[in-house]
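> Put chain B on the given structure of chain A with help from the hints.
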Amino acid sequence: MLIEIETENADRTRDVGEALASLLQPRDTVVLTGDLGAGKTTLVQGIGRGLGVEDHVASPTFTLVREYSGRLNVAHVDVYRLERVQDVVDLALDELGGPERVLVVEWGDAVSDLLPEDRLRVELTTARDDADTRRIVITPHGGSWAGRWERLEHAFELFRRNDGDAEPSGAAG
Amino acid sequence: MIVVGIETSTPQTSVAIGTEREMLGMVSVAGKARQESVTPALDQLCRWTGVELSQVGGIAVGIGPGLFTGLRVGIETAKTLAQVLAVPIVGITSLDALAFSVRHTHKLIVAVIDGRRGEVFYAIYRALPGGVVRGSDYSVATPDHLSAELETLPEEVLAVGDGAILYRNQLEQLGSGVEFASTSRAHPEAASLVELAVPRFLREEHDRLHDVVPMYLRRSDAEIAWDNRERSAGI
Chain A
1 MLIEIETENA DRTRDVGEAL ASLLQPRDTV VLTGDLGAGK TTLVQGIGRG
51 LGVEDHVASP TFTLVREYSG RLNVAHVDVY RLERVQDVVD LALDELGGPE
101 RVLVVEWGDA VSDLLPEDRL RVELTTARDD ADTRRIVITP HGGSWAGRWE
151 RLEHAFELFR RNDGDAEPSG AAG
Chain B
1 MIVVGIETST PQTSVAIGTE REMLGMVSVA GKARQESVTP ALDQLCRWTG
51 VELSQVGGIA VGIGPGLFTG LRVGIETAKT LAQVLAVPIV GITSLDALAF
101 SVRHTHKLIV AVIDGRRGEV FYAIYRALPG GVVRGSDYSV ATPDHLSAEL
151 ETLPEEVLAV GDGAILYRNQ LEQLGSGVEF ASTSRAHPEA ASLVELAVPR
201 FLREEHDRLH DVVPMYLRRS DAEIAWDNRE RSAGI
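Sequence order for the protein chains is A and B.
Just so you know, we're using my numbering here: the first sequence kicks off at 1 and counts up by one.
Just so you know, we're using my numbering here: the second sequence kicks off at 1 and counts up by one.
If we strip away everything but chain A, and leave its shape as in the complex, we get (with noise of 0.2 Å):
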């Protein structure tokens, strides 16, 4: 089960951020993984803007952890500077924001082995002839999200078809 998406700008990745965020539930754990420049703060922004935060979502490199409130909590962290396990242990990630939040990590894939096993992973490539253009890869793991999979592929579908004319937020005039 995976689902592909390719976003032609920075905007466009938000907005898949944002599709995500209608799927996303309390306790859900979301990896982003992809080189830096990829745009897995930008994807977040999209998520944080999907579940109503209100405060710019920043990069969590330098202080590790941002936590934001909107419909759903989220405690962004960012594992890029850590070098030791422990350093990831005494972050205590199932802490953060309280039970009804949902945790985003970057460059998650690495300490896969702290993250709850049900958790969503997706990765983010930069085109190799188009600087602008990502490919993104969405990829469930455990049980969780069988149930909700074909909603989420339904939420890309009507993502691909509305081809970033139109505000997929449908933006309120």
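Each hint should be verified, as a subset may be incorrect.
[What the hints assert, rightly or not] Here are the simulated lysine to any residue pairs, SDA-like style, with alpha carbons at most 25 Å apart: (1) Lys79(B) with Gln86(A); (2) Lys79(B) with Asp87(A); (3) Lys79(B) with Ala58(A); (4) Lys79(B) with Arg81(A); (5) Lys79(B) with Glu95(A); (6) Lys79(B) with Gln25(A).
Treat the hints as calculated values from the structure; they're not laboratory data.
Just chain B now, kept in the frame of chain A:
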């Protein structure tokens, strides 16, 4: 001797003031703002009991195992108090405090704290006159593993703590039967810390300030296995 107890290992924060003769007061509160409640609770307790901080002769603090976020606040508050008031400090594990709270039993005691991520922190105790003695290591394991370990014990068991309550179904599958302590004992209480600490203060068996740190049962010395970070950074 007046002792302040601060316990923040679990979703309940508990602060107590007591002496070797009696508990003067305790505030225990669970919920979202619990980490911010340590100092206000102590402040309020001082007012209610008429105790001035300058009268305090020792600080007892819960050191986990438990939730990091709470423990950090509790332990830092306790160490700051000990330093500012220039009084000794004693660290006590959350599992010891839990077991101590149900010491009036002839059964073995297993203290179990929810460690999140499907695991529990636990230790096994025997009740003795006046207290409990620990008969196992402090451990972290899945509830099923704990259940299997309890099955090998030759005696009946009394289970106490939020982990025991959360995983009651798994632990109840035991043939011999496990008794569960009341939900009012689900969390370690600061009063237990005070009671456990007083004899140590009287015997001058305190801890050195910098030795009072959270108990990490999941400690790992491993490096993160980065396989793509250097490539990404162009190193």
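> Against each hint, give a clear statement of whether it holds in the structure.
Going through the hints against the structure:
1. Taking the CA atoms of Lys79(B) and Gln86(A), the gap is about 23 Å. The hint holds against a cut of 25 Å.
2. Annotation: proposed proximity of Lys79(B) to Asp87(A) holds, straight-line Cα distance about 22 Å (limit 25 Å).
3. Between Lys79(B) and Ala58(A) the alpha-carbon distance is near 34 Å, which puts this suggested pair outside the 25 Å criterion.
4. At most 25 Å may separate the alpha-carbon atoms for a hinted pair to count; Lys79(B) and Arg81(A) exceed this at roughly 29 Å.
5. Using a Cα cut-off of 25 Å, the hinted pair Lys79(B) and Glu95(A) holds, with the two alpha carbons roughly 23 Å apart.
6. Among the hinted pairs, Lys79(B) with Gln25(A) is inconsistent with the structure: their alpha-carbon atoms are about 39 Å apart, more than 25 Å.
Hint compliance for this structure: hints 3, 4, 6 are not met, and every other hint is.
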